[in-house]
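J.: Protein chains in written order, with the working numbering: chain Y, 1 to 307; chain E, 1001 to 1276; chain V, 2001 to 2349.
No lab work stands behind these hints: they were computed from the structure.
Quick partial rundown of chain Y residues pointing at chain E, CB under 7 angstroms, derived from the structure:
#1 Pro-24
#2 Ser-34
#3 Asn-45
#4 Ala-46
#5 Met-107
#6 Tyr-122
#7 Val-127
#8 Ala-132
#9 Val-136
#10 Phe-150
#11 Ile-187
#12 Phe-270
These numbers were taken from a predicted model, which means no experiment stands behind them. Beta carbons: idealized from backbone N, C-alpha and C, even for Gly.
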Amino acid sequence: MILKKKRTNFDVDEKITFKTLLKPFLYLLPFIISISIFTIYPFFNAFLISFKENYKALSGIFSGFGLANYEYVLTNETFLLALKNTVTYVLWVVPISTALSLLVAVMLNRKSKLQAFFQTAYFLPLVTSAIAVGLVWRWLFNFDYGVINFVLSQVGADAINWLNNPTYAKVALIVYGIWSMMPFTIILLLAGLQNINEQYLIAAKVDGSKPTQIFAYITVPLLAPTIGLTMIVNMITGFKVFNELFALFNGTPGPAYSLYTVIYFMYEQFYVKYRLGTAAASAIVLFFIVMILTLLQLYMQRKWKNY
Amino acid sequence: MKKKKLKFIDLLSLTLLMCGACIMIFPFVWMILSSLKTQVEVSTIPPTFFPTKATLDNYIFALKTAPFARYFLNSLIVTVVCVTLTMFTTILAAFAFSRLKFPGRDIIFAALIAMMMIPFEMLIITNYTTIAKLGLMDTLVALVIPFTASIFYTYILRNFFLSIPDSLYYSAKVDGSSDWKYLWWVMVPIAKPTIITIALLNTIAAWNSFLWTVLVINSTNNRTLPFGVFAFIAEGGVRYERLMAAATIVVLPMIILFLFARKYIVSGVSRGGIKG
Amino acid sequence: MKVIIKDLTKKFGDFTAVDHVNAEFADGKLISLLGPSGCGKTTILNMLSGILPSSNGKIYFDNEDVTDLPADKRGVGLVFQNYALYPHMTVLENVCFPLRIKGVPKKERIERAMKFINMVHIEEYLDRKPAELSGGQQQRVAITRALIKKPRLLLLDEPLSNLDAKLRVEMREEIRRLQKESGVTTVFVTHDQEEASSISDSIMLLKRGVKQQFGTVDELCDNPINLFTADFLGSPTINQIHGVWDGKGFVADGQTANIPFNVNINKGTRLVYASRAEALKLNQDKKFDAEVLERYKTGKDTLVLLKFGAGSLRAYTEDRTIQVGNTVSIGMKDMGVFLFEEESGSRLL
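Excised from the complex, chain Y in its bound form (with noise of 0.2 angstroms):
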C-alpha cells in the first residue's frame, strides 16, 4: 500500500524560488482547505472534546480535561448493552454473509450468458439508498401484510411479529444485513477469485481433482487473504451499523431497545442529549476496539497464512 517507487521528487540542481512552491500549492489549496476544516481539525478536535468535562457545545465552556466521559462511557449500562448488540449483530452478519458470497462469487466466475442479469441483481444494493431500501424491508416483516410472514403461512409456520419481538427484530435486522453486506463481498471475492494464477486450477484438474476437493484445496486456501481482507472491512462496516437499523425501525433502536447499537448511543448522547463529551468519547472507544480487533485479525490471518 505504501509507495513502491521511490521518485526523487525535486532534482538537485532545480531553483526552488517562491514562483515554484506556489503553483502546487495552489493546485492543492481547494484540497487541503476541504480536508483541513472538514477531516483533519475534526479528527484531532474528537479527541480532544472526548477529554472536555462538561463540554457544553455552542459556548464551548468545559469545567476541565479529564476522563470523566470515558469512566461514563465504559460504565454506562446503555453502552455495554449497545456493544453488546453491535458484537452479536457483527458475529452472525459477518461470517454469514462471507459464506455465502463466496459460493456465489465461486458460481458467478464461471462464464454464462447471463452474467450482466446476475451481476445486475446481485450487486444492486451496493448503489441504492439503505432508509429507501430499509423501507422496503420493513413492508416485508410486517406482521399482517408482509410476504415474508405469508411465505411462513404457505408452509405451515406461525407469522412472526417480526418488527415488534425483541428476539425476532435481531434477526430481522441479521437477514437484513447480510442481504446488504452480500454484494460489495461478492465483488471484492470475485476479483480475488479471478486474480488466482488459472495453471494452479489446471494443474489441479489435470492431476485429476474432482471441483469439490479443487474448491476446498486449492481455490480457498489462495483466496484466504482475499477472504481475510473482506471480513476485516466487513467487521469494520458491521460495527458502524446504524443505516440499516434507523430505516427498519423508524428511528428508535428495536422494540424495547432490543437493537441498540454503539453508533445509536453515540447518537442519542450527541443529538438527543447534547453530549458531546460523552458521544465523541463514545466514538473513540468504539474506533479502539475496531481498531483492536482489526490487528487481532490481521495477526491472526498472518499465523493462519503459514501453511
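The hints should help you fit chains E and V onto chain Y, whose structure is shown.
T.: Chains E and V alone, transformed into the frame defined by chain Y:
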C-alpha cells in the same frame, strides 16, 4: 461420463444462482410493484404479485403532498454540486501529488493515506458544530461543503496519473504547454475511465447520504430524498403503498444509473475494497 | 541557429554524468552525440531541451544565454525514444498540438500543419490514433510534431533504436532528408556508430561524461584522438595488437621481430598498435608475416582473419588466391595506422 458431470454442476449452479438472484432483487421488484397498487390491494391476504389495477396515485400523492418533487430537486442540486466540486479538487490535488514537485510531497501523501481510514462517524460531531458556528444550519450549503474533497478518490486518481509516462509531460512542456493545459488537455482525457468511475461512486454516495442530512436539516423544504422518505413515514401515515412509491423515487435514479454504468461502478468498488 | 555549450556539467549526487563539455554546433547541421550507454549523451540532450537543469556551465542559442530558460520557452523540438505521442488524440491532433498551445485557431492550425505533413508523408494516417500505427509511422508523426513549431533546434533521442534493422536504415535517411529540407540544426543521440557515421555532419563522441572528440566522421576515423575513439568508430572494429616499444620499433606480444616506426617513444613503453582493416596491404609490401586463419566473403571484398603474435588482425583484400593456412606478408598504407599508449589510450602516432 465427464461431460454429464460438468453439465450437472453447471445446471445446479445456474439454478442456485437464479434462486439467489431472485431473492436479491425481490425487495426492489416488490417495492416497485407495491408502489403501483391501491391501498386496498396492498393489504390483501394473500398478497397479489402484480397489481390488478395499476395506479400512479401513490406517486401523485408523494410528489404533491409530501413535496417529493422538491426533495428530488434538492437531492439533484446537492449531488451535482458536490460531485462537481469534489472532482475539481480531486483532479487538481492528484495532479499536484503526481506531477508537480515540492518538498515533502511524498511524506504528506503518506500521511494522507493514513488518514483515509478515518471513519465519518468520528467527524460528525465536530462538523456539526462547525456548521452551526458558521450559521449554515438548515441550508443546502451545509449538505455540500463538508463533502468537497476525498482523500480516497485523490489517492486513486493520483496513482493513475503516475502511470502516465513522464515523456508525455516533457513532450508537452517542450511544445510550450503550461502545467494547467497539460492537466486538462492531456492527463484528464487519458484518465477518463478512472475519472468516470470516481464520479459515479461519488454520485451514489452523495445521493444516498442520509445521516448527515437528518442532523443538519430542519425545515421540510431543504430535505433531500432519503430524509424525505424517512419523514414521510411519520407524516404520511402508515400507508405502505405510498411509502413504496416514495422509496422508488429515491432508488430508481440510482438503479437506472447502475444499469448504464455497471462496469465502471463494479470496478470502482473492487478497487475500493482493495485499498484496505 | 548555432548552439554553443560551455563547460556543461551535470552531477547526480556523487556521480558526474556530464563533465565540463564544450562544443559548438553550427547552424543547419546534423550533429550526433555518440557513445556507449551511460556516457552522458542523453543527459546533454535533456539539458539542451531544458527538461533537466544543469549543475554548471552555460548553453547559448546563437548569442542568447538559455541556460536558465525553462523548457516551454526554448523553442526546441524533441523526439523521444518512445515517441511520446498523446494516445487519446488522432495523428492530426497530435501534430497540431504545439500550435494549439500557442492559441492558433483550428483552421489555420491544419493549414500550417499540412506543409510538414506532406514533407514527412503522413497524410494517410491523419485520423488514426497512435496505437493503430507501426513504430516507423509513429516516429514520423513524432518528428512532424517536433518540426511544426519551426523549432530553433531539433533534438532526437535514439529515435531509431525501437525499429527493426531494415527500417532503421530507411528512417535514418528520411531523417537526414527532412533535416536538410527544413534546414534546422539537429542534435541526434545514438549508440550506434554506423548510424552516426552515415548521416551526421559532425559527431561528438563521449565516454563517461567526458568529450572525447568532436569533428566530422572522416576526422574521427582517420585522425582519432585516442584509442577509445579509434575503437568506437569504424566497421569492422579497428585491429588492436598489444606490445611494447623496443627502442626502434613495435614488438607485438608473442613476437620477437619489430615493426619499425619513425617516432620518439621511451623504450619499454606498453603500446597498442592499431590498424584499420582497409589499411593493411597483403602480399604487396612486407613489414611482417601473418598466417591466414579464416576468410569471409563480403560482397566484392574478402575479409581475412590473420593470426599475429598473441592476437589477430582483420584485413580486406581483393586477392582471391589467398587461402586459409597461407602465410601472407603484411604491409601498411599511410593512413589508418596508429600507435597508442596502452594505459592512457593517448595517441603517439
